[in-house]
Structures are given as structure tokens and as C-alpha cells.
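2 protein chains.
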Amino acid sequence: MRSMLVAGLVWGLTFGPALADSLPSWQEGPTKAAIVAFIDGVADPDSADFVPPEDRIAVFDNDGTLWAEKPFYFQLFFAIDQAKSAAIAKPGAPQDPALAAAAAGDLEALAEQGEAGLLALIAGTHAGTTPDEFEEAVRDWLTEARHPEKDRPFTELVYQPMLELLDYLRDKEFQVYIVSGGGIAFMRAWTEPVYGVPPEQVIGSSMVLEYVDGPDGPSIQRQPEVNFINDKAGKPIGIQRHIGKRPIFAGGNSDGDLQMLSWTTAGAGPRFALLVHHTDAEREWAYDRESHVGRLDKALDKAGQDGWTVIDMKNDWLTVFPPAP
Amino acid sequence: MRSMLVAGLVWGLTFGPALADSLPSWQEGPTKAAIVAFIDGVADPDSADFVPPEDRIAVFDNDGTLWAEKPFYFQLFFAIDQAKSAAIAKPGAPQDPALAAAAAGDLEALAEQGEAGLLALIAGTHAGTTPDEFEEAVRDWLTEARHPEKDRPFTELVYQPMLELLDYLRDKEFQVYIVSGGGIAFMRAWTEPVYGVPPEQVIGSSMVLEYVDGPDGPSIQRQPEVNFINDKAGKPIGIQRHIGKRPIFAGGNSDGDLQMLSWTTAGAGPRFALLVHHTDAEREWAYDRESHVGRLDKALDKAGQDGWTVIDMKNDWLTVFPPAP
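From first to last, the protein sequence lines stand for chains F and L.
Using our numbering, the first residue of the first sequence is number 1346, and each one after it goes up by one.
Using our numbering, the first residue of the second sequence is number 1346, and each one after it goes up by one.
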């Protein structure tokens, strides 16, 4: 009895994780096999591909890679709802046209304001608070807001197969970072409970911050001005600033991730680039080269040339979103 | 025999760390007692001061706090030596007056160029390379360079008591960050072997980085322009950007750390601020309110008002520098 127990323990410790499927939402096939082979290879001290744990850095885009991004980036829903709340709280206040359009829920008028309008909307809804206050506003919003088409909280529109992949990487002693064009403070409000990624492993676009030593003591105030856009060529730079090491694993889904994946794979030694291709019009959305949000064009060509692993969402994922809790 | 073994193991696990002195270079007394009481309190699940491990963030200034900073910041020795090497490699090349003064070893002429000259020296010696190349240059320099007065490698002029403190904090599941006005890339080249602090836990001043997609593939190039000065009010901002949490423990030694310590201690719950007071003219240097490098004036007043813990180097530290290896 006792020796059986010991044998069971030894078996569990030695073979358990390998035999149990850590990626149950992934269809058996070349995509899953390539991911598992890479991760297991770099984590195996007896493999020629072994990488010491401190260099096992994995980076993931967020919008369209870890959670959905249609009909448009979820952070924009937040900004619009904040503009609406502000307009209710202060009716008649003079407003920027982009803020007024957002408050009125007039997306066409908002779109007409172009990129400058979008920046004005962000400046008007993402500043004037401390980081703590801002994160609380994001969390409050997340408990109430629902996706207009899927009728679920936005944080339930994360990809179940990617949650399993993040866990698998961490099981293999990877440090997992998010590297997104989205706002760093917006994401930090919820990435730890949702993805298991703590604030210090979130890299994103940021607003200017100001340190204020006021009568109630010191505080940090978010200013209505963009500090850094962590997209395209900004992603490798954001990674260098925050991590100071080149990742060995990078996942993305759009041309905004092209430089991050190129830079990751251009390093010496084993490297892995993963692209989510949105091919599932039924369970999620189907889009690539012509999409306004999350366009995947140049990066798809590069994936073909360089042998990056491309996830065919429709066929590679048995489940897309986690079941409702 | 076996039960003795088990008892020994249980004893070792339960009482070992408390009985063994983790801070042997610290004189028994109120400074050491305050440090140990705080760390043990926040790490004790049965204490009213318990803080969960994910919030056990400790931040330390570098120059004058973890290693020495006299006669001037060690990074400046590096910059001067780089200017000399560049002048030898390219004799007769047209040079900025600050670079020329540095190359000639004329510190008075360099000082005459003021802050603009210092920035020119940094721009001229810290740019034009990739981050990897720059860090290699720093490591190469560290193997050769010697402190002019102490005649030891600069990385041996770290404070033994602080090395012990960093280890003690990590033993108690703190995340230890460096938050320095010094260059982030300069420090990342050596903080892991010297302090056990990996690159991703180093926060510092930075140069502008550019992503270049050249014929040999992508690279990041350091530009001759300062991106961010991580000093004074910049320290809380650097912390917010990199970590996204307010530390509960902060250590510094100068007025450049005033805002970091103020911001740390202004948070709710148990907080600890530690100041190194350089009082040891024999073993190290003695300086505070009148010093040009590492002036400790306002922060010393604040420490008195707010009950921060001040290390009296001469009396609180049994050892200053580690023995030569």
C-alpha cells in the first residue's frame, strides 16, 4: 500500500504533467504540436534547445490575441461610456466634438474626427485621476458593461485556448508579459485575475504622469497627453525598456505585432512566433487583410515567408471563449 | 534516529531562518531591529501587518545606497573612459567640448561645461549602439576599471550590509527593484550577478531608442538623446510605469530619493523608508547636506519629521564593502 503510494507520487511528479493535456481546447494537429514541441524543448535541460528559465520570456499582444477586438477595441467602449457618464454628471459643459459625439453615442460623428478625435477622447476620459482611481473606474465599468453582440462581460470574451497556453508557459517557468497597443493602466486593472499576469508584466501605451506634492500628501496624476504609443515599432522598444531582454516567444494577431514578432525571431537560439488568424465567423469573427480593426496583412505574408506558426481559429481551437461562469 | 531527523527538519524549517542571523554585517541596535521587525511583520500571516507577497515591493536607489558614489557617480568614470577610447580610436575627429575635456581627462574643463556638457558627454558615449553592444561595453569596462582611491573594481564597492538586506527581503518573498537616476542600460549590464536583481527589475534614466529594420534584420539603436530622467519626482513615475504598484519598502540616500520615499510611505498600511547616511570618513566617505554628489539635506529633515529609519554608516555597519574575492 505504502509503496504504491510512493510509486504513485513518483509517477505523478515525473510523468503527470506530460501525460495530462495542458491544452485541452486546442485541436490535435500541427499548430498545437509546434507550440508544445517548442515550449517543451526550451524547458528540457537535456535538449539542444534548452533555454535557462531567466531567459524564458514570452510576450503577447492583447486585443485580438488574448481577447476579442470586434466590432472595435474594447477600451473604446470604455472611453465612450466614460464620456457618457461625464456628460450626465456635468450636463451642458463645453465639450470637445469627439467627446460630445462619444457622449451622444454617435459613432459616425466620432469616426469623422479621425485620429485626433480619438486622442481627444482618450485624453478626455483617461486623465485627471490618480492611477488607482483610474483602475477602479475600469473595474467598475467591467462589472456593468456588456459586449453589444455577444451580450457577455468583456472579460469573458478572452480566448480559452490562450488562457491554457499562458498557464502552460508559466508551468514551464516562462515569464509571461502582455505587450499591447492598449492602455497600460486600462489593462493593469484586470489582467491579474483574468490572465494571471500581474501589473509589472503589463506593457502598453501610456499617458503622461505627473508627481504632485499636494496638501494631502504626494500623488501621481494622469495628464491628458499621450506619453508613448506601444504599437508597431513601439513594441520592441516597450519590451526593451520594461524587460531589457529579447523574448524567445511572441504571440500576436495583426500588423501591429509585426515588429515584435520580427524582433523576437531575429534573436539567436530557439525562437517562436505565433499569429492568431481570425477565421471563425460563427463563434468569433473572420477578418484579416481588409479589416480596419486588427488588420493582418503584412504579418501574414511574413509568417508564410518565415515559417511562423499561424493559428487557424476555426480549425485549431475546439473552444473559443470560456463557458459562462 | 529517524524521528530525530524529522524533528531536525521540522526545527530547521520552522525556526532556522529566525535563529540564523541573515544580516551579520549589521550592528545589533535600533536600526537593524526596525528593519527586521518590519520585514518579519509584513511576511507573517499571523501579524496585523501582513502584506501578501504580490504587494511586497521593495525599491532601492543605487548610487550611494547600494554602491558608493564618491568622488563622483561611477557611471561618469565609464563615460570619461569611453570618451578617451573614442578619441584614441578616431584621433583628430571634431569633438564636442565636453567630450574633448573628458577624453583629455580634464575634469575641470568638463565641469565648466555644466549640465549641458554632462548631457553631451552621455549622448556622445552612451548612444550609437544596440542595447546588447552597450551592455557588453559596460561589462568590458568593469573588468578593467579601478576606483581611483580604493583601487578596487567598482562592482566591489557595493555595500555588504545592503547585499544582505536584499537577500533577506527576497527570502521573505519581496520583489526587489532598483530605482536609480543612473542609466537603466548601464545598470542592467551587471545588477544580476552583483545584486541578484534581474534586468526587468531595474528602473533608471534612459536614452531614446529607435527600432531599425535594416538589411541585416531588425535591431534597436540607442539614440544620442535622453528619454527620461529617473530622479526626484521622476522616481515615483518610473515606479508607476514599470511596476504599477506602490512599494511598501524604499531605500535611498539623498534628496534625489525624497519623492520616492515620501510616495512609498504615504500609502496605506505598513510602510518603511530607509536612508543611508554617509557618516564613515574612514571606511567610506562622510557627507550629507553640503555634498555636491548625493546631497542629503531635505530628505534628512523629512526623515526626522516622519520617523524614517536612518542608517548611521559608521556605527550601524560592521562591514562596509565585501572582502576582496
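Some clues are possibly wrong.
Since copy identity is lost for identical chains, a pair holds within one copy or between any two.
Stated by the list, open to error - Derived EDC-like pairs: lysine to aspartate or glutamate, alpha-carbon spacing no greater than 20 Å straight-line:
1. LYS1429 - ASP1485
2. LYS1435 - GLU1509
3. LYS1590 - GLU1545
4. LYS1590 - ASP1451
These are computed hints drawn from the structure, not numbers from a lab.
Next item on the list: Could you tell me which of the numbered hints above are not met by this structure, giving the numbers in increasing order?
Entry: Numbers 2, 4 - these are the hints that the structure violates, sorted from lowest upward.
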